[in-house]
Structure formats: C-alpha cells, structure tokens
Amino acid sequence: MIGAIILRDLGRAFRSGGAWLPLAFLLLIAALFPFAVGPNATLLAQTGGGLLWIAALLASLLPIDRLIEPDRESGVIDQLVLRGAGEGSIVLAKGIAHWLSFGPPLLVAALPAGALLKLAPETLQTVMIGLALGTPGLAALAILVAALTAGLRGSGALTGLLVLPLAVPILIFGAGALQFGGGSALKMVAACSLFLCVAAPIAGGAALRAGRE
Amino acid sequence: MSDAMLLLEGLACVRGGRMLFAGLDLALAAGGSAQIAGPNGVGKSSLLRIVAGLLRPYAGTVRCEGAVALTDELDALDRERTVRQALTFWARIDEAPAERIDAALADLRIAHLADIPVRMLSTGQRKRAALARTLVTAAPVWLLDEPANGLDVESAAALGALVDRHRAAGGIVLAASHLPLAWAQDLTIELRAPRDAGEAP
Numbered sequence: 001m002i003g004a005i006i007l008r009d010l011g012r013a014f015r016s017g018g019a020w021l022p023l024a025f026l027l028l029i030a031a032l033f034p035f036a037v038g039p040n041a042t043l044l045a046q047t048g049g050g051l052l053w054i055a056a057l058l059a060s061l062l063p064i065d066r067l068i069e070p071d072r073e074s075g076v077i078d079q080l081v082l083r084g085a086g087e088g089s090i091v092l093a094k095g096i097a098h099w100l101s102f103g104p105p106l107l108v109a110a111l112p113a114g115a116l117l118k119l120a121p122e123t124l125q126t127v128m129i130g131l132a133l134g135t136p137g138l139a140a141l142a143i144l145v146a147a148l149t150a151g152l153r154g155s156g157a158l159t160g161l162l163v164l165p166l167a168v169p170i171l172i173f174g175a176g177a178l179q180f181g182g183g184s185a186l187k188m189v190a191a192c193s194l195f196l197c198v199a200a201p202i203a204g205g206a207a208l209r210a211g212r213e
Numbered sequence: 001m002s003d004a005m006l007l008l009e010g011l012a013c014v015r016g017g018r019m020l021f022a023g024l025d026l027a028l029a030a031g032g033s034a035q036i037a038g039p040n041g042v043g044k045s046s047l048l049r050i051v052a053g054l055l056r057p058y059a060g061t062v063r064c065e066g067a068v069a070l071t072d073e074l075d076a077l078d079r080e081r082t083v084r085q086a087l088t089f090w091a092r093i094d095e096a097p098a099e100r101i102d103a104a105l106a107d108l109r110i111a112h113l114a115d116i117p118v119r120m121l122s123t124g125q126r127k128r129a130a131l132a133r134t135l136v137t138a139a140p141v142w143l144l145d146e147p148a149n150g151l152d153v154e155s156a157a158a159l160g161a162l163v164d165r166h167r168a169a170g171g172i173v174l175a176a177s178h179l180p181l182a183w184a185q186d187l188t189i190e191l192r193a194p195r196d197a198g199e200a201p
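Residue numbers (my numbering), protein chains in the order written: chain A, 1 to 213; chain B, 1 to 201.
Because the hints were derived from the structure by calculation, they are not lab data. In this text, a Cβ means the ideal position worked out from N, Cα and C, and glycines have one as well. Accuracy of the hints is not assured; some may be wrong.
[Claimed, not checked] Here chain A is said to cover these stretches of chain B; the calculated rule only asks that three of the stretch's residues, wherever they fall, bring their Cβ under 8 Å from a Cβ of chain A:
1) 79 to 89
2) 92 to 101
3) 159 to 165
Model the full assembly from the supplied sequences, consistent with the hints where possible.
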C-alpha cells in the first residue's frame, strides 16, 4: 500500500511541474545571486555553499501546501485509513514521495549551480554530501508541518513560520560542514535528519488522527 | 461475503460539546439494509463515520464483520486524472483486478466517461464515479452517505438495483439519507433533532 501511495504522489508531483521545478529553482537562485552581491569570485566561493543550503530548504518548502491538504479535503486520507493504512504509514509514504520529487533533482542541479557560484570542487563535494544527508530531514520536516497544518485556513504563511526554525539545526551543521571541513558536522546533519525521519511519521500521523475528530 | 454482519450497541456521539445521539442500537445480518433518517445536522454522517472507524464513539461499541466501504460527499478521486486512472489507484490499493473497474463503470452507466478527467464531471457523474470506487472495493459492508444526492432518476434506480444485487450476495447496506431511498429497507432509524447543549461534559 505504501508503494502505491508513493507512486501516486510522485506522479502527481511530476505532473504539476515535476522534477524540473526544484532544479530550475536552484539554478535560478544560483544565477541571480551574483547579481545581488556582485560578481566577486572570492565572495561567491565563500558564500555559495551556504546559499545552496538555503535554496534546498526553500525548495523543500515549495509544494508544502499540496502535500497533505488536498488529499485530506478530497477524502483520500479517509479512504486510505478505511482500508487499514495507519496514519503514520500515510505520512511516511508521502514524505518519501516528497523527498524523491525534490531531493535527487536538487542534487543534480547542485552541480551546475556550484559552477555558477565558482565553488571549489571540495566545497561542492561537501555540499553534495551534506544535501544528500540533509534533504531527507527537510522532506520529513515539510511533511510533518503539512500534516500539522492540514485543514487550517490560510496555513501558507504558518507553514513557513513552523518549518524554518525547526530546520535551523540541519542548516547550521550543513553549512558548518563547509567551514570546518565536513566530518563531525556532516554526522550531525545525518543525526538531525534521522531524528526528523523517525519523528515525522509518528507526530504527523497523530496530527492526522487528531484532525479527523 | 455471507458472514458479514454489523452490530451497534449503545452508540453515542458528541460533536462540538453537544450530544447528537445516544443509546443507538442496530443489528444487521448478511443481506440486511437500514436507513438512517432525520433532518440535517442530526448526526447521520457522524454515525457512518463512527461505523467506518474514522470517528471514535463517545460511548458504545461497533462490531463489524467484513470490510467496510464508505461513499460520502468526498469522492477521493484525483481531479486531474481520468476516471479510470483514479479508480485504478484504488483498485491497486484494494488489490482488485482491473476488470472490476470496467464492470463497475458499466454498472453505474458511466463507461463512456472512463477517459474523461474527474474534474470535468458533473456532480451526479462524480457521485457515480465515487460509487464505482465502492463497487471496485468489493467490501461486504456498504456505508452510503446521501447516496441519491445529485443522481438523476435513472441513476438512482440503477443504484437501487446494485444495492439489491449486493444484498442478494450477502452484503450489508447502511445508508444515511433525509429522503426516501430507491430500495426496500429492513428498518429505518429516525435520528431526532439534537437536544440542547449542556448534556455532555
């Protein structure tokens, strides 16, 4: 059942903009950034890694209001629960589908974006490893907040307010890995990510259950 | 399918701090059908959701043998997919064979709409597509919330025939409707208008 939900959500994500959306988003930010701070290669190389992290965070937020709410509103979640799917499994499946729809495209886009920002190869490598470890955590956070805010009116601004502070640890360690050369900071990214991936289905499932009452 | 049964004992429902109904008993054996009648807001849909396990009853127990299919005002079909694709998702979840989709579409006389996106359907057509989803599920216990809403006369008659067929095969039908339904009921439960607030904690 989880597989069927993942396939369906992936199909929905790809039909509504698809893998190109996060890819184009990251490239656009990387292309616009030099206009904003000036074409100083040293400055770009110093700040570019952090910029990729911010872009990844925002890319995980882009579809957040389409993750849970439409399915709650149209009764899909009710029907899945009726067929014996646990709310936690639904959130897990949707989280995996969300990650697949933006994580891998983002990693691909990080290569040309790194070139645009004149990142050193070793910096880019650290960013890529960090993003590979951190984006599952960002996806879990996004799906958790989507589950928490499903059914609220005007939740768009609220989701941003909820996600951004909670994403701070991943961001700190992910960007910190660039300054202190990876290693322990990347392990902390992985730890934060792991925690969020475990907590999101449990807390998000409870939120869906509570929202039904 | 013939060992399906539904037993409600002393069900009570509280919504928004107000007791909607209490002490509701109902027993349906295989082939049985019942209508829950009553004015709007009296708790008909809540009762169906309690039976489906989507709401917790305030008191009482639900015993149900056999899988449950709920058709309410939410069709749970992807707007941007075609009717067939949307139903295929549910068939996959239910591990139902694909032929059952065609049979269900034909039963509800919407086979010609199979390749139309769900968002293009009219209210009645969408209702029939949601009923097709219930047919595909092939669950013995049907919970129908205002099944005749939006249906034209012929479709309502077709639904009546489907319900009769389902009951003949040992299925159970529990329908909530404020209007008379197109099929014979074993019993009708009349929910009364909610009493004043203050009875429930």
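Here is what the structure says about each hint:
1. For the stretch 79 to 89 of chain B, the assignment as covered by chain A holds, since 3 residues bring a beta-carbon within under 8 Å of that chain's beta-carbons and 3 suffice.
2. Only residues whose C-beta sits within less than 8 Å of a C-beta in chain A count toward coverage, and the stretch 92 to 101 of chain B has 3 of them, enough to reach three; the restraint holds.
3. Counting residues of the stretch 159 to 165 of chain B whose C-beta sits closer than 8 Å to any C-beta of chain A gives 0, which falls short of three, so the coverage hint is violated.
Checked against the numbered hints given earlier, the structure breaks only hint 3 and satisfies all the rest.
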